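Trainee: Please work from the sequences and hints to get the whole structure.
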Amino acid sequence: MNCRRALKALPEILDDGGSDALRAAVEEHLHGCPACRREREALSRSWELLDAVRAPAAGPQFTAAVMTRVRASDTRGALPRRATAGPGIRSWWLAPAGAMALVALLVVSALVTWTHRPPGRPPTPAVVAALPSEPGRMPTDEDIIRDLDVYEQLDVLDNLWLLADLEVLEDSEVEL
Amino acid sequence: MARLVIDDSELMLRVRSGDHAAFGVLVDRHKQRVLNVVYRYLGPGADAEDIAQEVFIRVYGARRSYVASAKFTTWLYTICRNTCLKEQARRKTRRALEGIPMGGTDHSAEVAADAQTLSPLEAVLLDEHAIVAKRAIDSLPEAQRMALILRKYEGSTYEEIAEAMHCSVRAVKSLLYRARVTLRRELAEYLELGEPSE
Ligand SMILES: [Zn+2]
Chain A
1 MNCRRALKAL
11 PEILDDGGSD
21 ALRAAVEEHL
31 HGCPACRRER
41 EALSRSWELL
51 DAVRAPAAGP
61 QFTAAVMTRV
71 RASDTRGALP
81 RRATAGPGIR
91 SWWLAPAGAM
101 ALVALLVVSA
111 LVTWTHRPPG
121 RPPTPAVVAA
131 LPSEPGRMPT
141 DEDIIRDLDV
151 YEQLDVLDNL
161 WLLADLEVLE
171 DSEVEL
Chain B
1 MARLVIDDSE
11 LMLRVRSGDH
21 AAFGVLVDRH
31 KQRVLNVVYR
41 YLGPGADAED
51 IAQEVFIRVY
61 GARRSYVASA
71 KFTTWLYTIC
81 RNTCLKEQAR
91 RKTRRALEGI
101 PMGGTDHSAE
111 VAADAQTLSP
121 LEAVLLDEHA
131 IVAKRAIDSL
141 PEAQRMALIL
151 RKYEGSTYEE
161 IAEAMHCSVR
171 AVKSLLYRAR
181 VTLRRELAEY
191 LELGEPSE
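Residue numbers (our numbering), protein chains in the order written: chain A, 1 to 176; chain B, 1 to 198.
These are calculated hints, taken from the structure and not from any lab test. A couple of the hints might just be wrong.
Claimed, not checked - Taking beta-carbon pairs under 7 Å as the criterion, some of the chain B residues facing chain A (in silico):
{"#": "1", "residue": "L4"}
{"#": "2", "residue": "V67"}
{"#": "3", "residue": "A68"}
{"#": "4", "residue": "K134"}
{"#": "5", "residue": "K152"}
Claimed, not checked - Take a look, some chain B residues computed to stay more than 10 Å from chain A by CB distance:
{"#": "6", "residue": "V5"}
{"#": "7", "residue": "S9"}
{"#": "8", "residue": "S69"}
{"#": "9", "residue": "A70"}
{"#": "10", "residue": "K71"}
{"#": "11", "residue": "R90"}
{"#": "12", "residue": "R95"}
{"#": "13", "residue": "A96"}
{"#": "14", "residue": "G99"}
{"#": "15", "residue": "E160"}
Model, not experiment: these values are computed from the prediction. Ideal Cβ positions, reconstructed from N, Cα and C, are used throughout, including at glycine.
Mentor: If you want it as structure tokens, here you go:
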């Protein structure tokens, strides 16, 4: 193995050890090559320096704040849900007009679902999505999936040359 | 008496059927994990915790799309990345509107802007090593950065990263390969490593 191939293989070996054959060939080369040994050291030390980046601890009110927002979104009726005896029910009594509107929404939802769904199946997301919702509602599954599609397409462009790089790496492994 | 620990998938299925308490357990269990990823991905700033909370709001909003065959943390990372991408886009727009210059790979303006919003706690956490390392992470393209964070800090397998990032295991290996090489180059001067041999 020459220096070029050894240097190409080092990141992979440091990441997951690489195959036995690749590791043995690189180790043999490193034994007699101070320059590549320095390079391995450089890759290792730069990776270890990342340990210094520590995140702060989550605040004591983190979970409570999330749960408050979740309950608020349920009460707003962003997505119709089956009626359960949860905390949301109690808050309906505090807002009778909102409760009436939500009950009406649920009745319509139930009717639409009842008349359209095949027997034994839950309401489809399409039926749920067709119902009116407030501005500032929770993101739906469709929102998230659509967003991911957009970003993935950007990533494909970004990664084309990376894939080509990996092929070079794998070729060098085959030629050992 | 041994305590019964309910696994993430079971809890998420309960959330799907309207169990709020189950969601609270999930948030408690994974809040630090999500905050770690958000903080390392987006960098210091007073709003990392808000964005981490936003991740969970989105998890809740997408609860009906969860299927038990998916590992919960992998699904969580997908939503976490999506939320980070949105926040990054929002920050870029805001800075453009405020007239803060921001060049292609030069992140000094972003780092400087972030540094102005450091809380005292963050200032303590960010020693010199951390600032240099964070700047190097920030210099990576988005996909490399997320793959690195999941691998280095979260200990995710190639397969888990591939699933979370919707790409192949081959692509993940390539992303991590490039990330290591770039970090080595970015940190060469600081660590007095000399120029890469190639
Ligand atoms: Zn050599």
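Trainee: It remains to establish, for every hint, whether it holds in the given structure.
Mentor: Going through the hints against the structure:
Annotation: L4(B) was flagged as interfacial toward chain A, and the flag is violated, the nearest CB pair being 20 Å apart, outside 7 Å. Checking V67(B) against chain A by beta carbon gives a least distance of about 11 Å; that is not within 7 Å, so the hint is violated. About 15 Å separates the beta-carbon of A68(B) from the nearest beta-carbon of chain A, more than 7 Å, and the hint is not met. For K134(B), the shortest C-beta to C-beta distance to chain A is roughly 5 Å, which falls under 7 Å, so the interface hint holds.
Hint status for K152(B) relative to chain A: holds, with the closest Cβ pair at about 6 Å, below 7 Å. No Cβ of chain A comes within 10 Å of the Cβ of V5(B); the nearest lies about 17 Å off, and the non-interface call holds. For S9(B), the shortest C-beta to C-beta distance to chain A comes to about 18 Å, beyond the 10 Å cut-off, and the non-interface label holds. Under the 10 Å C-beta cut-off, the non-interface status given to S69(B) relative to chain A holds; the minimum distance is some 16 Å.
Non-interface status of A70(B) relative to chain A is upheld: no Cβ of that chain comes within 10 Å, the nearest being about 13 Å off. With a closest Cβ-Cβ approach of about 17 Å to chain A, K71(B) is found to remain outside the 10 Å limit, as its non-interface label requires. The Cβ of R90(B) sits about 13 Å from the closest Cβ of chain A, beyond the 10 Å cut-off, so the non-interface label holds. Against the 10 Å criterion, R95(B) stays outside the reach of chain A, whose nearest CB is about 19 Å from its own CB.
Distance check on A96(B): its Cβ is at least 18 Å (rounded) from any Cβ of chain A, clearing the 10 Å threshold; non-interface status holds. No beta-carbon of chain A is positioned within 10 Å of the beta-carbon of G99(B); the least distance is around 25 Å. With a cut of 10 Å on Cβ distances, E160(B) stays outside the contact zone with chain A, its closest approach being about 13 Å.
In summary, the numbered hints that this structure violates are 1, 2 and 3.
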